[in-house]
Amino acid sequence: MRHSIRRQFAGIFIGLMAATLMLCWFLNISLLQKYYLSNKRAVLLEMYGDLNQAVEDDSIATDEFGLYLQQKCSKYNLALLVLDADSEVVESSGGGSEFLKQQLWQHLFTLSNDKYEIMDNTDDYMIARVSDSRSQMEYIEIWGGLGGGYFFIVRSALEGIRDSVEIANRFLAVVGILTTVLSGIVIWLVARRITTPILQLADISRRMCGLDFDARYEGRSRNEIGVLGENINRLSDTLEETISELKTANNTLKNDIRKKEEIDQMRREFLANVSHELKTPIALIQGYAEGLSEDVNSDPESRKFYCDVITDEAARMNNMVKKLLTLNQLESGNDTVSMERFDIAALVRNYLQSAELLAKQNGIRINMERTGPVYVWGDEFKVEEVVMNYVTNAINHCSGDKVIEVKIEREQDCARVSVFNTGEPIPEESIPHLWEKFYKVDKARTREYGGSGIGLSIVKAIMESMNRKYGVSNYENGVSFWFELELVSEEKPIPEDFEKKS
Numbered sequence: 076m077r078h079s080i081r082r083q084f085a086g087i088f089i090g091l092m093a094a095t096l097m098l099c100w101f102l103n104i105s106l107l108q109k110y111y112l113s114n115k116r117a118v119l120l121e122m123y124g125d126l127n128q129a130v131e132d133d134s135i136a137t138d139e140f141g142l143y144l145q146q147k148c149s150k151y152n153l154a155l156l157v158l159d160a161d162s163e164v165v166e167s168s169g170g171g172s173e174f175l176k177q178q179l180w181q182h183l184f185t186l187s188n189d190k191y192e193i194m195d196n197t198d199d200y201m202i203a204r205v206s207d208s209r210s211q212m213e214y215i216e217i218w219g220g221l222g223g224g225y226f227f228i229v230r231s232a233l234e235g236i237r238d239s240v241e242i243a244n245r246f247l248a249v250v251g252i253l254t255t256v257l258s259g260i261v262i263w264l265v266a267r268r269i270t271t272p273i274l275q276l277a278d279i280s281r282r283m284c285g286l287d288f289d290a291r292y293e294g295r296s297r298n299e300i301g302v303l304g305e306n307i308n309r310l311s312d313t314l315e316e317t318i319s320e321l322k323t324a325n326n327t328l329k330n331d332i333r334k335k336e337e338i339d340q341m342r343r344e345f346l347a348n349v350s351h352e353l354k355t356p357i358a359l360i361q362g363y364a365e366g367l368s369e370d371v372n373s374d375p376e377s378r379k380f381y382c383d384v385i386t387d388e389a390a391r392m393n394n395m396v397k398k399l400l401t402l403n404q405l406e407s408g409n410d411t412v413s414m415e416r417f418d419i420a421a422l423v424r425n426y427l428q429s430a431e432l433l434a435k436q437n438g439i440r441i442n443m444e445r446t447g448p449v450y451v452w453g454d455e456f457k458v459e460e461v462v463m464n465y466v467t468n469a470i471n472h473c474s475g476d477k478v479i480e481v482k483i484e485r486e487q488d489c490a491r492v493s494v495f496n497t498g499e500p501i502p503e504e505s506i507p508h509l510w511e512k513f514y515k516v517d518k519a520r521t522r523e524y525g526g527s528g529i530g531l532s533i534v535k536a537i538m539e540s541m542n543r544k545y546g547v548s549n550y551e552n553g554v555s556f557w558f559e560l561e562l563v564s565e566e567k568p569i570p571e572d573f574e575k576k577s
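Just so you know, we're using the working numbering here: the sequence shown kicks off at 76 and counts up by one.
The hints are simulated quantities; they were obtained by calculation from the structure and are not laboratory data. Predicted, not measured: the structure shown is a model, and the values here were computed from it. Any given hint could be a false lead.
What the hints assert, rightly or not - In silico BS3-like links for lysine-lysine, alpha-carbon gap of 27 Å or less:
| # | residue 1 | residue 2 |
| --- | --- | --- |
| 1 | Lys482 | Lys457 |
| 2 | Lys335 | Lys535 |
| 3 | Lys150 | Lys176 |
| 4 | Lys457 | Lys435 |
| 5 | Lys335 | Lys322 |
| 6 | Lys335 | Lys379 |
| 7 | Lys482 | Lys435 |
| 8 | Lys435 | Lys335 |
| 9 | Lys457 | Lys544 |
| 10 | Lys512 | Lys535 |
| 11 | Lys379 | Lys322 |
| 12 | Lys335 | Lys512 |
| 13 | Lys435 | Lys477 |
| 14 | Lys457 | Lys379 |
| 15 | Lys379 | Lys329 |
| 16 | Lys482 | Lys535 |
| 17 | Lys544 | Lys512 |
| 18 | Lys335 | Lys457 |
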């Protein structure tokens, strides 16, 4: 690759390393000698301080101090000479004492500015760079007087400093070249390790462009490239899922005509169901009306019977049409849901009182525990219709012990109202269809009590309009229909005349 990241990465790091080494080499050449010179000056001042302290302590002529001076002169490559007031040698670093004595007197009495480069000058000492014409070398020296009439001179050759700087620079150059080459190899290998997964990701992205989503990043690294690989894997999954959804949607669009035909078929079935439900009562009404008009039975009791049949069938048709209109209004969304606060316990009790006569006529006993007010949120009139459908349905299907139990239970933030009736359980295969329009588990029994198969569809539409749950549960001895409403967080106190009204 012409513009490979590996090459750029390695080139940048090798360049930075080479530049760093060149800078170090330049600083060594320009500053290292000055640094050494400054360090030597500090050593000479420290030596002066030690000598001055020894004179004050009167320990300058002791063996311990002499040993200390020898160690320090050896460590820092110094030449030392200390004279007393009689020009006698008190301390010396070794041979050359006579030369140092002459050098000291010359510095003290015949100072020549041409030979010195003064670095520091005080009343007690002087520090200068001195050129020695005899040895053709340059020294840094400190000389002066001490208390008690003592004189001293300490010197250190600068040639050693220059030699050390040259050696250090040569060593740095050699090590720098070797380090640059070795580091270049290491950086190239590291760059290769970094760019290899990047190239793998590039190949995966290329395959994704061709809608090949089987390519996966297999790296196990936890760094940024590993995170990028995981994100590309997730992106591949998301794209595959999205394309699958798009194809599904496209297939759905292709099937719009078929679905339209199915909707038309559902409409035809709906009309057929309505026609079927209306056909029987219309035929009965027509037949009995013709009987009356032809005076088939002239006695008053027969005519009254004919009229009762016509009235019952007309009422049944009227009831079914009303329910269909209610269901259509609920399903179309045109009916407004009025959410208000009301006592569900009072509503259920009031309706059970009105249904008690019908239950007694069928030999059914209705049980409900006495509870205080249970305030909920909902559309009171629609909830009453749900209760009516559940209770009516329970009365029509109650058998066996002929008992209906109504319960109101609190469950966290909602109240569950359940209507249980004894009798035969609903077949499991029929439960999912109970809420469909015109669905009847036992058509003969439904016809017997005048059911239309719309009541539970109305319950479904009402509960879904309030976004609340509803359902049915089978038991060994009966069936329980239930629905839930949201509890009011802070309930009002029970009115004093509550028991009387109930």
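Against the structure, the hints:
no. : hint            : in the structure
1   : Lys482 x Lys457 : 19 Å, holds
2   : Lys335 x Lys535 : 25 Å, holds
3   : Lys150 x Lys176 : 22 Å, holds
4   : Lys457 x Lys435 : 26 Å, holds
5   : Lys335 x Lys322 : 20 Å, holds
6   : Lys335 x Lys379 : 50 Å, violated
7   : Lys482 x Lys435 : 20 Å, holds
8   : Lys435 x Lys335 : 49 Å, violated
9   : Lys457 x Lys544 : 14 Å, holds
10  : Lys512 x Lys535 : 10 Å, holds
11  : Lys379 x Lys322 : 67 Å, violated
12  : Lys335 x Lys512 : 20 Å, holds
13  : Lys435 x Lys477 : 10 Å, holds
14  : Lys457 x Lys379 : 37 Å, violated
15  : Lys379 x Lys329 : 61 Å, violated
16  : Lys482 x Lys535 : 20 Å, holds
17  : Lys544 x Lys512 : 19 Å, holds
18  : Lys335 x Lys457 : 32 Å, violated
Hints 6, 8, 11, 14, 15, 18 from the earlier list are contradicted by this structure; the remaining hints agree with it.
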